[in-house]
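Protein chains in written order, with this note's numbering: chain A, 1 to 161; chain B, 1 to 451; chain C, 1 to 299.
Careful, some of the hints might be misleading.
To be clear about the criterion: a stretch of chain C counts as covered by chain B if any three or more of its residues have a C-beta under 8 angstroms from a C-beta of chain B, and this derived list gives those stretches [unchecked claim]:
{"#": "1", "region": "20-32"}
{"#": "2", "region": "227-238"}
{"#": "3", "region": "253-260"}
A few chain B residues that face chain C, going by a derived Cβ cut-off under 10 angstroms, partial list only [as the list claims (entries may be wrong)]:
{"#": "4", "residue": "Lys-26"}
{"#": "5", "residue": "Lys-142"}
{"#": "6", "residue": "Ala-144"}
{"#": "7", "residue": "Gly-150"}
{"#": "8", "residue": "Leu-165"}
{"#": "9", "residue": "Pro-372"}
{"#": "10", "residue": "Ile-432"}
In short, the hints are calculated from the structure, not lab data. We put the beta carbon where it would ideally sit given N, CA and C, even for glycine.
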Amino acid sequence: MKMSVGNMYNYFSSKEELAKYAIKYSTNIVAAELREVNNMDVSSKEKIFIFTRRYFENVKKSPEIVEYFLRVYLSNREVFSNGCEGFLCVGDFVTEVMILLEEGASKKEFREQDFFTAFSMFMGALGGFAFLSGENVLERDLMEYSDEIAENIYRALKYED
Amino acid sequence: MKTVDIIERIEGEAHLKLEWRNSVVKDARIEFLNFRGFEYMLVGKPPLDALVYTPRVCGICGQAHLLSCVNALENLYKNANIDLEVPKKAKLIRELGLAIETLDSHIKWFYLFIMPDVVSLSPNDYKEYEPIKGQKWLAATKVASDIMRGLAIFGGQWPHTSYMLPGGVMCDPTLIDLATIENYIDQGITFFEKNLSGVSISEYLMFNNVEDINKLTADLKDFKDISFEYGLNNIGKSYNRFFVIADILGFKSGRIKQINAGKINFEKIKEHDDFSFDATASKQSSKKYTWAKTVNYDEMFFETGPMARALVGGRKFIKAIHKEYDDSAYTRVMSRMDEVAYLLQRCKKIIKSIDISEPSYIQPQVKLKDIPYSKARGVVEAARGSLMHEVEIEKGKIKSYNLITPTVWNLGPGSKTKPGTAQKAIIGSKSIQEATITLRSFDVCSVCTTH
Amino acid sequence: MRIKPKVLWFQGITCNGNTHSLLCANPSRMELFLNSFDLIYHPSLTTQTNLLDIINSDEKIDFLLIEGAISDDTKFFSILNHSVKDLLSKLVSKSTYIVSVGSCASYGGIHAKFELNDDITGVQNSLGKKLTSKLKHKVINLTGCPVHPEWILQTLFIVKSQGKIQLDEEHRPVDLYSTLTHHGCTRNEYFEWKVEPEHFGTKEGCLFYNQGCRGPMTKSSCNKILWNGVNSKTRLGMPCIGCTETDFPRANMLETNKNIGIPAEVPLGISKRAYLSITGVAKTFKISRLQDKLINYDE
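Chain A extracted, bound-state conformation:
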């Protein structure tokens, strides 16, 4: 973040505070993006494609944010237990995913299934791919994979008669 460690502690009382704030900051950006997409008057399938693209654009633009989530949060989860119970810190983003999934199912574009399995299909694909991107193992530019990932997500969620 281009700030000295000492200076950071002028703003945050502890490592924990900093961690919570950083998580909230990064997910707010993603939540705002998804809210915009949710408000568009397009099909739910289209929304998956658009959001995937925007998510990867964010990953490309600020890779450290995703890095932070994957590395720091997952290995320091106990830091978040007080004041970040369950999904509290990432609430806005989860709300937007709920809206996307519920609307898609009500329009019979997505099939009925448990919320968590649908959520993990969506976020697992995006988060997992961002991780790979961070590991620098991808052969092509991140954005070139966007539509194929979106297609996979869509096929996993799609409605069947």
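Given the coordinates of chain A, assemble chains B and C onto it according to the supplied hints.
Here is chains B and C on its own, set in the frame of chain A:
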């Protein structure tokens, strides 16, 4: 000579067509011209929605329909070989609901539907029985609504609650709830003692011979006096055959044909529509004249209701009255009022046997929607008699639903060769008044008859 | 208006539930009603009068109360050898105030689900705009299956005293249908903290998430004016089935319609985003008092 009378004040409407010869009724037809089609409505609906639809077949006996429906839905599991456990507490609460609704029905029927006609036979002053204005009419509606609060405590409201469902009941009453419900029952007992019998309920329940009728003071004495003066103990006799379909509330299922009691074989229950209109036909055959179907057992017509329950169950007082006065209008009405005492006592017994620590509901392992196919029936004794619901489900929807209500047993149009139960009772009447009172003694609930 | 306004109760296609609900009125209120109004005819209750005689006379009716749905068809339903609509029209022409008692009279209700007769509807719709616009007062709809007796009595007393009553867009008295069934339910705290009951039959938990309760989306006074003076369905653990709204009866009334685990409908007037955000926050907190049983009886 033929006469037609439109009978009102019977939960709906019926047309009584009588054929007279030598001033005596030779043939009688009870025409029900109103049909709402619940059996058609339920086709294609999700199975549990039947719990909301079926109480609405009737505003006064909705809970009887609900219990019959729940029994049928639970039997769907049994017939599909799926285990289903229903806590004893839930079964007791369901019975209590049925008993309270039945009490309300009996009390209202006596004061709102029967007595206004009976007192009009006599020139004496019985203005306390006058509808709307009379003190006795008002006192009856008051106690009926008070007793009903008991049902509202565990059902939420009355009319029309669906608090029973496969697996148990939706309520979980507290000890205070049970005590409060018992208070309302006690109010009913006070009413029975003060307004109906004039003797204590414990003394009443010991009556066992026909002379005990003379111990009754209060309103049942008024009823007796007018009945004997105007021969209600001699009119309204039918086949003298009795039918009780369900073992519930201490009533024993069975039938009495002449003096032999026997068990029920459901295969022998047959519904017929020779004289019943066809809902899908654009033009009706001329021999059809009513929306009511008819039902018989082993090709014979039976009477169902409080008199049947008292006789099949062997209750001494009614047995004695019946021995003296057969299945006359007087016996019929007395049986129903006798059941008030029986049910009040029964309610207290049920309340005392509820174990509050039991669960109210055990979730079925499988949803009805997920059973590929099943068919079942549910039976109950409603205020007016035996009630049966038959349901068939397939691929998550109701495939067919059939209701046979007690008034179909009593008021159906008979067969080509034999008149139905009430028809038989009316044939031989010597006046319109006699015919009408006989008909009313069966409690004509036209909404249930045709559903 | 007369000191004792004349009330006539007419039944169309009905189960009689509203009549029996009226009979459950608090006895003092019932006595006041019968002393303040002249109930000149009710098909099940009165004995001195005859409906056709009243119709054929010059007698004017102050309040025409209608229970049951209306149809012009006589194949399936006739009253005194007339169609329901025919008798209704004749009665309306002699009446000042028209009150539809119950969902069936208001919009067809449960009986409109009988598809072999496609002419089953409510009073307002059956009479049509032309006729009803000529009435002194709009047709008053008391939706509900059945209605609470107080809704009838309070409406009659207000109109008797004020000459009119303010109605919402469904023509229901605002005084009775402004609040939601949800307001006053004793399970509200469970709603606030998103505590779902494990299954039916518990004192605890909110019935909105799984058991199909329409309380937060339904206009009624059910948890304000208690049923039979003592209770309501939701208090005891039965979900509200939304019987005062015009989409009753719905499908799958005893379960919540969800899409991928998320309620398809959220409380009235609240955006899905707002509701899910709040729900998300509330759900993360497990408050032990609300997870425990309310009463633990000694053995």
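Against the structure, the hints:
1. 20-32: holds (count 9)
2. 227-238: Coverage by chain B holds here, the residue count being 12 at a Cβ distance below 8 angstroms.
3. 253-260: Result for this restraint: holds, n = 3.
4. Lys-26: 24 angstroms, violated
5. Lys-142: 4 angstroms, holds
6. Ala-144: 7 angstroms, holds
7. Gly-150: 9 angstroms, holds
8. Leu-165: 6 angstroms, holds
9. Pro-372: Violated - the Cβ of Pro-372(B) stays beyond 10 angstroms from chain C, reaching only about 19 angstroms at its closest.
10. Ile-432: At about 16 angstroms, which exceeds the 10 angstroms cut-off, the nearest Cβ of chain C leaves the hint on Ile-432(B) violated.
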